[in-house]
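Engineer: Here's the letter readout for the chains.
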Amino acid sequence: MEPFEVLVTEDLREMDRNELENIFLKREDGRILFLGRIPLASLYATFLANVYVELTKIVGKASKGLILNASRNGGLRAGRGIRRRYEKRYGDLERDKAISIARNMVMVWDRCFGWGRFEFEDDGERIRVRVYDSFEAVGYLKLKKERSQQPVCWMLLGYVWGLLEGLLGRKFNGEERMCKAKGDEYCLFEYL
Amino acid sequence: MASLRERLEKVLKDLKDVGDILASAIVSRDGLLIAADLSPNVNADAFAAMTATMLGAAETATSELGMGIPDRVIVEGKTGKIVAVGAGPKALLVVMTNPRANLGLILLEIGRASERIRELLG
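Sequence lines, in order, name chains P and A.
Per this note's numbering, the very first residue in the first sequence carries number 1; after that it's consecutive.
Per this note's numbering, the very first residue in the second sequence carries number 1001; after that it's consecutive.
Errors might be hidden in some of the hints.
[Claimed, not checked] Cross-link-like lysine-lysine pairs, in silico, DSS-like; alpha carbons within 30 Å at most:
| hint | chain 1 | residue 1 | chain 2 | residue 2 |
| --- | --- | --- | --- | --- |
| 1 | P | K144 | A | K1090 |
| 2 | A | K1016 | P | K61 |
| 3 | A | K1090 | P | K142 |
| 4 | A | K1090 | P | K57 |
| 5 | P | K145 | A | K1090 |
| 6 | A | K1081 | P | K61 |
| 7 | A | K1016 | A | K1090 |
| 8 | A | K1013 | P | K61 |
| 9 | A | K1016 | P | K171 |
| 10 | P | K57 | A | K1081 |
| 11 | A | K1010 | P | K61 |
| 12 | A | K1016 | A | K1078 |
| 13 | P | K171 | A | K1090 |
| 14 | P | K145 | P | K182 |
| 15 | P | K61 | A | K1090 |
| 16 | A | K1010 | P | K171 |
| 17 | A | K1013 | P | K171 |
| 18 | A | K1090 | P | K182 |
[Stated by the list, open to error] Which residues of chain P face chain A? A few of them, derived with a C-beta cut under 8 Å, are:
| hint | residue |
| --- | --- |
| 19 | P39 |
| 20 | V59 |
| 21 | L66 |
| 22 | G169 |
[Unchecked claim] Where chain P lies over chain A, by a calculated footprint (3+ residues, C-beta under 8 Å):
| hint | region |
| --- | --- |
| 23 | 1029-1037 |
| 24 | 1043-1050 |
Think of the hints as simulated: they come from the structure by calculation, not from any bench.
No residue lacks a Cβ here, since even glycine has one placed at the ideal position from N, Cα and C.
One chain only, chain P, in its complex shape (with noise of 0.2 Å):
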């Protein structure tokens, strides 16, 4: 089976880190492929950090809501296009099934990016996605070594919701409730 078949019909929870990496990542001189032809670079968690400190050096907390929109559009991006892909090939994209698949990304992630450790919980209504050891919160506290009055974890908020959004073609509220650099045990992302 190709990745994208595999995102899509397969439950990735049971299979361990080689059997993902091998399915989903290609290594090409030098380059790393997701899902055969989306490059990925490996960056050190503190550069993300680095750059929200001094952007806000610049525009104040407003740093935020930019970093926020231009990951949400990300997203959004991503999950529209896994969900054109989807209706193409197997026909109207039910709730289930988008789920299913956001659930397999957030597996993906988890497994061969390195972006933290994903739980993924669904009750039908609200969507809460709790991350052990996000890289943004380790990051942020590696870079300033000390905690973060706010959540700091930008990026991973605002990817997850424009996903959500895209793959459900609706609109949602998001929010990250807690944060590893706040103090908390995790973040914990909650769509509704």
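Got chain P sorted already, so can you dock chain A onto it with the hints?
Structural biologist: What follows is chain A alone, placed relative to chain P:
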């Protein structure tokens, strides 16, 4: 009793009644939309992030020059004006007017509205 959101929306509605005000929004300092009276064609979330950035960058620039915090940012174009003012420590108020609007009167009303928003948000 009206919810906080309804009371904030009432502030925006009252502003519109002044005339010459085409659209307005209350935005958190970190660029998230709180309440808005905008055309459906406007991406309200992006607009919120942009206006908070505009005011945030202006504040940084004036502080850097030792000029303190600006009272407001006014952007004038051929088809309208955008006025952004702080509304307490948590929010800002952004208003779009038609190009020939009497700014004196509008700034007075924006000042009152931003004070009301500051009180409501505590």
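Engineer: State for each hint whether it applies.
Structural biologist: The hints, checked one at a time:
Distance hint between K144 of chain P and K1090 of chain A is fulfilled; the C-alpha atoms sit about 24 Å from each other, no more than 30 Å. Taking the CA atoms of K1016 of chain A and K61 of chain P, the gap is near 28 Å; set against the 30 Å cutoff, the hint holds. With a CA separation close to 28 Å, the supplied pair K1090 of chain A and K142 of chain P stays within the 30 Å bound. Under the criterion of a C-alpha separation no larger than 30 Å, the hint pairing K1090 of chain A with K57 of chain P is consistent with the structure, at around 18 Å.
Distance check on the hinted pair: K145 of chain P and K1090 of chain A sit about 26 Å apart at the alpha-carbon level, within 30 Å; holds. Taken as a hint, the K1081 of chain A and K61 of chain P pair is honoured in the structure, with Cα atoms around 24 Å apart against an allowance of 30 Å. Using a Cα cut-off of 30 Å, the hinted pair K1016 of chain A and K1090 of chain A holds, with the two alpha carbons roughly 22 Å apart. Straight-line distance between C-alpha atoms of K1013 of chain A and K61 of chain P comes to about 27 Å, which keeps the hinted pair within the 30 Å bound.
Restraint check for K1016 of chain A and K171 of chain P: the C-alpha separation of about 27 Å stays at or below 30 Å, so the hint holds. Proposed proximity of K57 of chain P and K1081 of chain A is supported: the alpha carbons are some 27 Å apart, at most 30 Å. Taken as a hint, the K1010 of chain A and K61 of chain P pair is honoured in the structure, with Cα atoms around 26 Å apart against an allowance of 30 Å. A threshold of 30 Å between alpha carbons decides the hint, and for K1016 of chain A with K1078 of chain A the separation of about 20 Å falls inside it, so the pair holds.
Only pairs whose Cα atoms come within 30 Å are accepted, and K171 of chain P paired with K1090 of chain A is accepted, the gap being roughly 25 Å. A distance of roughly 12 Å separates the Cα atoms of K145 of chain P and K182 of chain P; the hinted pair therefore holds under the 30 Å criterion. With a CA separation close to 10 Å, the supplied pair K61 of chain P and K1090 of chain A stays within the 30 Å bound. Between K1010 of chain A and K171 of chain P, the direct Cα distance comes to roughly 24 Å. Compliance with the 30 Å bound is thereby established for this hinted pair.
For the hint linking K1013 of chain A to K171 of chain P, the alpha-carbon distance of about 24 Å falls within 30 Å, and the restraint holds. Distance check on the hinted pair: K1090 of chain A and K182 of chain P sit about 20 Å apart at the alpha-carbon level, within 30 Å; holds. A distance limit of 8 Å between C-beta atoms decides the matter here; for P39 of chain P the minimum to chain A is near 26 Å, and the interface restraint is violated. With 8 Å as the threshold, the beta carbon of V59 of chain P comes within range of chain A, its nearest partner Cβ sitting at about 4 Å, so the hint holds.
Residue-level restraint check for L66 of chain P holds (minimum Cβ-Cβ distance to chain A is 5 Å; threshold 8 Å). For the restraint placing G169 of chain P at the interface with chain A, the shortest Cβ-Cβ distance is roughly 17 Å, beyond the 8 Å limit, so the hint is violated. Under the rule that three or more residues need a Cβ within less than 8 Å of chain P, the assignment of the region 1029-1037 of chain A holds, with 4 such residues. Closer than 8 Å: that is the beta-carbon criterion, and the region 1043-1050 of chain A has 4 residues meeting it against chain P, so the requirement of 3 holds.
The structure shown violates the earlier hints numbered 19 and 22.
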